[in-house]
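Top to bottom, those sequences are chains A and B. Under the working numbering, think of the first position of the first sequence as 1, with each following residue one higher. Under the working numbering, think of the first position of the second sequence as 1, with each following residue one higher.
Any given hint might turn out to be false.
[Unchecked claim] Computed footprint of chain A on chain B; a stretch qualifies when at least three of its residues, placed anywhere within it, have a C-beta under 8 Å from a C-beta of chain A: (1) 5-16; (2) 69-78; (3) 97-107.
[Stated by the list, open to error] Once the Cα atoms are required to be at most 30 Å apart in a straight line, the calculated DSSO-like pairs of lysine-lysine come out as: (4) B:K106 / B:K69; (5) A:K28 / B:K69; (6) A:K8 / B:K106; (7) A:K8 / B:K10.
[As the list claims (entries may be wrong)] Every beta carbon over 10 Å from chain A, so not counted as near; a handful from chain B, in silico: (8) P45; (9) T52; (10) C63.
Calculated directly from the structure, the hints in this document are not laboratory data. The C-beta atom is built at its ideal place from N, Cα and C for all residues, glycine as well.
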Amino acid sequence: MSLFNNKKIIVIGDRDGVPGPAMEECLKSTNSEVVYSSTECFV
Amino acid sequence: MDLENQKRVKDFAEKYGAENLVVILGAAEGEAAGLAAETVTAGDPTFAGPLTGVQLGLSVYHCCEPQFKEAVDEDIYEDQIGMMEMVLDLDEIIEEMTDIRDEFCKYC
């Protein structure tokens, strides 16, 4: 049912928005695997 | 999207298959979210990085879009993202992301 079922996830966070680790934490509740996570800085 | 991340996205698409990948963005503004989403679907619009001319068509969502919220645990979302969600311009972000997905996404 989940959009992320069995998917490999790439997380691109934003230092001024939502950082990568916050999204990673949320994705732990899904049946998916975070294969890469980073937090960009656009300044 | 910075060049290192573009290279990573390209490498993962080759390794796992574009249909198995989902990109989640946390950009602070609709424009930045749209540019990043365009980069992983239609190719780098700035013609600077490894994804220039590479149309991966990946599934891509912003973490404050309803699709992401509905897929994750509500309490964890509130703890981790709820505060930022209140200060972001969600209408702008959702409009940008929806436009890009409708036009370029192959696996949504």
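Inset, instruction - Report the numbers of all earlier hints that the structure fails to satisfy, in ascending order. - result: Hint check: 3, 10 fail, others pass.
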